[in-house]
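Residue numbers (the working numbering), protein chains in the order written: chain R, 11 to 202; chain P, 34 to 245.
Derived by calculation from the structure, the hints in this document are not laboratory data.
Worth double-checking, as some hints may not be accurate.
[What the hints assert, rightly or not] Away from chain P, derived, C-beta distances all over 10 Å, residues of chain R: (1) 72; (2) 73; (3) 74; (4) 76; (5) 81; (6) 97; (7) 105; (8) 112; (9) 126; (10) 149; (11) 164; (12) 172; (13) 183; (14) 185; (15) 188.
[Stated by the list, open to error] Have a look at the derived ranges for each label pair, beta carbon to beta carbon: (16) 83/R with 135/P: 47 to 57 Å; (17) 183/R with 143/P: 51 to 61 Å; (18) 157/R with 197/P: 52 to 62 Å; (19) 145/P with 173/R: 51 to 61 Å; (20) 197/P with 97/R: 53 to 63 Å; (21) 135/P with 142/R: 57 to 67 Å; (22) 142/P with 68/R: 41 to 51 Å; (23) 170/P with 105/R: 39 to 49 Å.
Backbone N, C-alpha and C define an ideal beta-carbon position, used for all residues, glycine too.
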Amino acid sequence: MDKKKLIGTIIGVIFFIVLIAGATFAWLTFSANITNGNYNTITGNFVIDYVGAQTLDDVPILSTGTPESAAVRTVSAKLSTNSVAGKLTVKLTTNSDTLLTTSGALNYAVCTSSTEASSCTTDFSQAVATGTINASGEKDLYVDPNDLTTANRYYFVYFWLDGSLITNDILETPDQNSYSGYIHASAEQSHN
Amino acid sequence: MKKKFIFSTIIAILIIVVIAGATFAYWQWMTSEEEETSISLKVEGDTSNMSAKIDGGSSIDINSLIPTSNCLSSDALQKEITITYINNTDISGEIVANLDITSFTANNGNPTNEQLSYLKWVITNTENSCTTGIIQSGDFSNVDYHNLPQNLITIQNNISSNISTETQIQPLYLYIWLDSAYEHINIGNNNTDSMQNLNFTLEWSGIIRQLG
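Here chain R stands alone, though its shape is the one from the complex:
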């Protein structure tokens, strides 16, 4: 036997199993431990329950205004349910621009109460605001410095005309003897 040939005819099959060791290093990651980490948050409401008054179409002419003799209209306001606190301003908007309007003859007084009975009884010494109207436009009659509450607060707005300021021009010039306007209110949230 030819050894070389024998060796030559022996064919070996060699399987190589190659182990590829892929070493992967995982970077450590852990969750943080959370305490006090929930914030339940709401934003407030700001709505006022306001009740207006019926139309005023006649105002007396007086030498001295008193609660008993002046014309009065009562409005009320309170915080709506779940509303944040706020402060009310009672306003008067004057539409007319007549001689009567600019004469300053129209007087007002504002009294407040927590009941439907005015704090002003025989005179206006307890009034929280007094003044006169002498121009068209918007006027703050009373800026209440106290927060509204969920209980009604009543605002009594009195009007009368000062006879000494009503001139012949007002009475005799066409269309100069009238006044028109309206009572309304606004409020702003109280804030820190």
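Since the structure of chain R is already known, use the hints to place chain P on it.
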């Protein structure tokens, strides 16, 4: 001569078989159950070596936001965020803290992005100040509150290696307020303000991890 031929023929057939992958019913063998090596493991946080804590400052109160120009007022929200960590590994890392919006209910109609831009937040490193030491600031205008949770704030801090005792990163202070520049007038008994009576929840989460 014949023997050599037969031998090399058998070898050749074996080779062909192996290469072609044909199946023949050769005897098989497998391990018994008794011979199997069981492997079971658990993943556990190695908190003795690597952990982080985030204290968001108090969850007890319901924070009620009312328009204000003062981020320190009781109409705004202020929280002190305390983040502590241990990293007793040889690899430095980072802490990532996220404040997410996880619930959002608009009870008066959906606020617009413009309206939400008045709901502002600031993170500073200064107690009692939302203007000094500002780290990040923003507002809620980009919140897609129909797809929650939404990430509001992400704070990232690098941390050193070989820190074996609990260490605090710099104190952080969160301020959230509804800016008083936001104007709305409710008329009469109707609440038409989408920014009023909003309910939302913010939640902290975070991770501590090694970095390459």
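Against the structure, the hints come out as follows:
The claim that residue 72/R lies off the interface holds: its Cβ sits roughly 34 Å from the closest Cβ of chain P, which is beyond the 10 Å cut-off. Here residue 73/R stays apart from chain P, with its beta-carbon at least about 39 Å from theirs, past the 10 Å limit. Against the 10 Å criterion, residue 74/R stays outside the reach of chain P, whose nearest CB is about 37 Å from its own CB. The beta carbon of residue 76/R sits about 34 Å from the closest Cβ of chain P, which is more than 10 Å, so the claim that it is off the interface holds.
Separation of residue 81/R from chain P is adequate, the least Cβ-Cβ distance of about 25 Å exceeding the 10 Å criterion. For residue 97/R, the non-interface assignment is confirmed: its Cβ lies about 14 Å from the closest Cβ of chain P, beyond the 10 Å cut-off. The claim that residue 105/R is not at the interface with chain P holds, since no C-beta of that chain comes within 10 Å of its own (minimum 20 Å). Residue 112/R, annotated as away from the interface, keeps every beta carbon of chain P farther than 10 Å; the closest lies near 30 Å.
With 10 Å as the threshold on Cβ separation, the claim that residue 126/R sits away from chain P holds: the shortest Cβ distance comes to roughly 21 Å. The claim that residue 149/R lies off the interface holds: its Cβ sits roughly 19 Å from the closest Cβ of chain P, which is beyond the 10 Å cut-off. Listed as outside the interface, residue 164/R is consistent with that label: its C-beta sits roughly 18 Å from the nearest C-beta of chain P, beyond the 10 Å cut-off. Distance check on residue 172/R: its Cβ is at least 34 Å (rounded) from any Cβ of chain P, clearing the 10 Å threshold; non-interface status holds.
With 10 Å as the threshold on Cβ separation, the claim that residue 183/R sits away from chain P holds: the shortest Cβ distance comes to roughly 38 Å. The beta carbon of residue 185/R is kept farther than 10 Å from every beta carbon of chain P, the shortest such distance being approximately 33 Å. Non-interface status of residue 188/R relative to chain P is upheld: no Cβ of that chain comes within 10 Å, the nearest being about 29 Å off. For residue 83/R and residue 135/P, the hinted distance range of 47 to 57 Å is satisfied, since their beta carbons lie about 51 Å from each other.
Range check, residue 183/R to residue 143/P: Cβ separation about 56 Å, and the 51 to 61 Å hint holds. The beta-carbon spacing between residue 157/R and residue 197/P, approximately 56 Å, falls within the hinted interval of 52 to 62 Å. A beta carbon spacing of about 56 Å between residue 145/P and residue 173/R agrees with the range 51 to 61 Å that was offered as a hint. One distance hint, 53 to 63 Å for the beta-carbon pair residue 197/P and residue 97/R, holds here, with the actual separation near 58 Å.
Taking the beta carbon of each, residue 135/P and residue 142/R are about 58 Å apart, inside 57 to 67 Å as hinted. For the pair residue 142/P and residue 68/R, the beta carbons lie near 44 Å from each other, so the given range of 41 to 51 Å is met. For residue 170/P and residue 105/R, the hinted distance range of 39 to 49 Å is satisfied, since their beta carbons lie about 47 Å from each other.
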